[in-house]
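Colleague: Can you build the whole structure from these sequences, using the hints too?
Protein chains: 2
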Amino acid sequence: MKHEKKFAELKTLLAEVNDLNNAASVLGWDQATYMPNGGAPARGRQLATLSKVAQEKFIDKKIGKLLDDLLPYEESLPYDSDDASYLRVTRHDYERATKIPPAFLAEYNVHAAETYQLWTEARPANDFARVRPNLERTLDLSRQLADFFPGYEHIADPLIDFADYGMKASSVRALFAELRSELVPIVKAIASQSPADDSCLRKHYPEAQQAEFGARVVKELGYDFNRGRIDKTHHPFMTSFSIGDVRITTRVKEDFLGELLFSNVHEAGHAMYEQGNDPAHEGTPLAGGTSAGVHESQSRLWENVVGRSRGFWEHYYPILQAQFSEQLKGVPLDEFYRAINKVEKSLIRTDADEVTYNLHVMLRLDFELQLLEGTLSIRDLPEAWHERFESDFGVVPPNDSDGVLQDVHWYGGVIGGAFQGYTLGNVMSALFYEEALKAHPEIPSEMKQGKFATLHGWLVQNIYRHGRKYTAPELVKKVTGADLTIKPYIQYLKTKYGELYSL
Amino acid sequence: MKHEKKFAELKTLLAEVNDLNNAASVLGWDQATYMPNGGAPARGRQLATLSKVAQEKFIDKKIGKLLDDLLPYEESLPYDSDDASYLRVTRHDYERATKIPPAFLAEYNVHAAETYQLWTEARPANDFARVRPNLERTLDLSRQLADFFPGYEHIADPLIDFADYGMKASSVRALFAELRSELVPIVKAIASQSPADDSCLRKHYPEAQQAEFGARVVKELGYDFNRGRIDKTHHPFMTSFSIGDVRITTRVKEDFLGELLFSNVHEAGHAMYEQGNDPAHEGTPLAGGTSAGVHESQSRLWENVVGRSRGFWEHYYPILQAQFSEQLKGVPLDEFYRAINKVEKSLIRTDADEVTYNLHVMLRLDFELQLLEGTLSIRDLPEAWHERFESDFGVVPPNDSDGVLQDVHWYGGVIGGAFQGYTLGNVMSALFYEEALKAHPEIPSEMKQGKFATLHGWLVQNIYRHGRKYTAPELVKKVTGADLTIKPYIQYLKTKYGELYSL
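Same order as they appear, the protein sequences are chains A and B. Using our numbering, the first residue of the first sequence is number 5, and each one after it goes up by one. Using our numbering, the first residue of the second sequence is number 5, and each one after it goes up by one.
Some hints here could point you the wrong way.
[As the list claims (entries may be wrong)] Here chain B is said to cover these stretches of chain A; the calculated rule only asks that three of the stretch's residues, wherever they fall, bring their Cβ under 8 Å from a Cβ of chain B:
1) 25-32
2) 38-46
3) 229-241
[Unchecked claim] Computed cross-link-like contacts, SDA-like style, restricted to lysine to any residue with a CA-CA straight-line distance of at most 25 Å:
4) A:Lys-69 to B:Lys-61
5) B:Lys-66 to A:Arg-49
6) A:Lys-65 to B:Ala-52
7) A:Lys-61 to B:Asp-64
8) A:Lys-65 to B:Ala-58
9) A:Lys-66 to B:Lys-56
10) A:Lys-15 to B:Ala-52
11) B:Lys-56 to A:Tyr-98
12) B:Lys-61 to A:Gly-48
13) A:Lys-236 to B:Arg-220
14) B:Lys-10 to A:Val-114
15) A:Lys-481 to A:Glu-79
16) B:Lys-442 to B:Ala-457
17) B:Lys-56 to A:Arg-49
18) A:Lys-61 to B:Pro-106
19) B:Lys-56 to A:Asn-25
20) B:Lys-15 to A:Ser-55
21) A:Lys-66 to B:Ala-110
22) A:Lys-56 to B:Gly-68
23) A:Lys-15 to A:Ala-28
24) B:Lys-56 to A:Ser-29
25) A:Lys-66 to B:Lys-61
26) A:Lys-56 to B:Ile-63
27) B:Lys-61 to A:Arg-49
28) B:Lys-236 to A:Arg-231
29) A:Lys-61 to B:Gln-59
30) B:Lys-15 to A:Ala-28
31) A:Lys-61 to B:Ser-29
32) A:Lys-236 to B:Glu-216
33) A:Lys-56 to B:Pro-106
34) B:Lys-223 to A:Thr-37
35) A:Lys-9 to B:Val-114
36) A:Lys-61 to B:Leu-17
37) B:Lys-15 to A:Ala-52
38) A:Lys-15 to B:Gln-59
39) B:Lys-236 to A:Arg-220
40) B:Lys-66 to A:Glu-60
Read the hints as simulated data drawn from the structure, not as lab findings. For each residue, glycine too, the CB sits at the ideal point set by N, CA and C.
Modeller: Okay, here's the thing in structure tokens:
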């Protein structure tokens, strides 16, 4: 049949693009883990070339022609068949990619690399002015990027859509407003209590023992070391080179037990998502995760809903205590459990607890929207940050390093769409977990015995194996039978922190 | 000027090819060092894609046209100017590459990958029959490959020329015959003596201490860790991703002190060659080493001429003895020196001492020539190996694993040109060292004080910085003022082993 030959041709072309992109990921991983300093200049060039060649090959008119020719075949198939999904996802990616002129992309990439470099110097120097002209250009380029996708309601919409397909400024705003009205009273109520004591986490915990325990935990959760590994980096991340090679990185603080462990569980959550893809999707556009939000829902589900739950530690705390017998001597489980769930108004998003975390995200989203609208200028951003932070957190950041300069996102990418996925992920983590419990009420009691196979299996079956087949809204509908709702997440927070702080 | 624009265009195109090839090297390094097992299938595909895309981009007619257009410019320049050399070397590479049809290359690569896989199973199983049909096809493909370069004197000539540009079967044969007539009496004379005692090397040497000493030595020789690193692999190798990132790998045997140390020095010799390239050649076809033989001359110079010399150990032996005080207690320097230079008729090329090593190479070269000529069949190869080995070494290999199956070269590449570089390297190591001594007679006394900067500096100046600018014959002429000769090498062996064995 004619379409079979064309489909095979399309698959061959896309497999090549996929290989080039995965090769770039290997080079990126090496850059962050083992590359000697002297390798940096050439590595930047090599990464730029791989991304350029992959992009050229992807936006080739041959691919557009094949997609056109295969449309009748796609339309003849059930929506969620592998072939129809392959073609639908590719068509979406192709239409997006071909709207961005290669010359713009090249200019943008050079600018982003330069800005990132400046930021690495500006942040430790607390010198926003150093990076400000670049950030102004980033804002300008972000607007240009959005304008390649005309017909939007809000200029941020195309940028939000890149990361969280199906969402736009108005829908994220509405969801965040609802969430905020629920969160603020919880934060206030907790703030009126005496703060939790986390001194038990802040003793000397030798690196090697932390690493051993941290690897053991993620292995038992379901992270497959035959198809992955853990290395140390400055900032932890997950990266994937194929379904058979999904790596995580971690970092350790010998004076804080929470760092390596929860970083491992978080990144392993991302990794189990990609390791759990249907093997039939290997090397195709269907492999991976479907959106920033759904990806984050998996890191958060494992890190917070599971990894910071009392049931989880009923199993692991005795093991941890045996491992660190001196440091945890006389520290009861409940004290440890309160310590790992300490709520406090911290300056830094990535250090924030699961309650206040979302306020950090909302602040950033609002600034992104205002910057793109033109109602806030880059020049006024540091001051606006200080004011908003004080009003949301009751704390004034002492400098820009721990204020507007703290996150890499705007300095290494676009302004717009960079942050909402984190909170969408929190919301979905509770939503998906609730569905897993409906199907398998035995999950909490299994967890207390250190058994995670039922939960992991449900996630593989209902989320991981689909990869990019369904969009985030489709997936939510498929899994829960309804549209995205914050209710289970609010319920989760109220129950957990209600107990912890006797609210 | 018009040629400037064209030259800039050529450089842009070739930089891209260079980046893709270096990216493939990163993936290969990762495959050998850290890749989890599950990554293997996708990695094979990714490497194949990178090599295919790089090749397609290199043999593009645009490059041929630019080379044609730039010929008058090249001819207007001094032969060894950077620009003329860039164009000359590129032209040579381009003419070679465009003579090989892409379809042949694709078929060959698939066959080579499959044969390599079979060999990894056949060698431990001592099962030559398992890989024989593939090896017959390899021979056929090797002949086809040679036939893309008609006009040769011997069918092996194009294959030898790939690795050691400027050499051919007749010139290698003549050189080897001369060398053989000198070597055989030395081997005989040594064999008539009682064998050296190397039991001092065969005690328990803990890995961590070996690694520390091995890293210290190569650092002091001149290997730059800011532009390199050492990792463990099954088979040690050197690989380069840019002049700023030249890595080596090593392996350790806790029951044999010689393994890690000399492997490090050997690979660091290769690496110092590439680290020593003129930085102006970064990312261009002039970076790298000019031939298999010259590359090997540097690994051998540092490993054998320096690293197995008495002067070297006058400095390092007290340090080694302090590091391994128990194992080396009461072992005098001379006993250690004899141990690391023990001559014996071993079955395995890579374990062979520097005297008998060349006999292993000669045996392989002769078989390559006979196989290509058709005077020996693959079927008869194991038997021929046994006979020749017995006649050369007085030992019959007990099996094929340690006979015809021992080296990866034929099973992962072509038959022809795979081995002569090792012996050419030995010959050139002594030749270049002799020149360095002429220029700097203080080198041996510096070595006794652990100082290597004069030797390293002379090698950078006279060999390393040139990269691929001069062919091996040109380089030999430039450095020594004459054509390649075995005299310094024979003199070196006679002096060293004459003393060691009181010949």
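Colleague: Against each hint, give a clear statement of whether it holds in the structure.
Modeller: Okay, the hints, checked on the actual structure:
no.	hint	result
1	25-32	holds (count 5)
2	38-46	holds (count 9)
3	229-241	holds (count 6)
4	A:Lys-69 to B:Lys-61	holds, 23 Å
5	B:Lys-66 to A:Arg-49	holds, 22 Å
6	A:Lys-65 to B:Ala-52	holds, 24 Å
7	A:Lys-61 to B:Asp-64	holds, 16 Å
8	A:Lys-65 to B:Ala-58	holds, 21 Å
9	A:Lys-66 to B:Lys-56	holds, 19 Å
10	A:Lys-15 to B:Ala-52	holds, 16 Å
11	B:Lys-56 to A:Tyr-98	holds, 23 Å
12	B:Lys-61 to A:Gly-48	holds, 20 Å
13	A:Lys-236 to B:Arg-220	holds, 24 Å
14	B:Lys-10 to A:Val-114	holds, 24 Å
15	A:Lys-481 to A:Glu-79	holds, 22 Å
16	B:Lys-442 to B:Ala-457	holds, 16 Å
17	B:Lys-56 to A:Arg-49	holds, 20 Å
18	A:Lys-61 to B:Pro-106	holds, 19 Å
19	B:Lys-56 to A:Asn-25	holds, 15 Å
20	B:Lys-15 to A:Ser-55	holds, 19 Å
21	A:Lys-66 to B:Ala-110	holds, 22 Å
22	A:Lys-56 to B:Gly-68	holds, 23 Å
23	A:Lys-15 to A:Ala-28	holds, 20 Å
24	B:Lys-56 to A:Ser-29	holds, 19 Å
25	A:Lys-66 to B:Lys-61	holds, 18 Å
26	A:Lys-56 to B:Ile-63	holds, 19 Å
27	B:Lys-61 to A:Arg-49	holds, 17 Å
28	B:Lys-236 to A:Arg-231	holds, 20 Å
29	A:Lys-61 to B:Gln-59	holds, 15 Å
30	B:Lys-15 to A:Ala-28	holds, 22 Å
31	A:Lys-61 to B:Ser-29	holds, 21 Å
32	A:Lys-236 to B:Glu-216	holds, 21 Å
33	A:Lys-56 to B:Pro-106	holds, 23 Å
34	B:Lys-223 to A:Thr-37	holds, 21 Å
35	A:Lys-9 to B:Val-114	holds, 22 Å
36	A:Lys-61 to B:Leu-17	holds, 16 Å
37	B:Lys-15 to A:Ala-52	holds, 16 Å
38	A:Lys-15 to B:Gln-59	holds, 21 Å
39	B:Lys-236 to A:Arg-220	holds, 24 Å
40	B:Lys-66 to A:Glu-60	holds, 17 Å
The structure agrees with every numbered hint stated previously.
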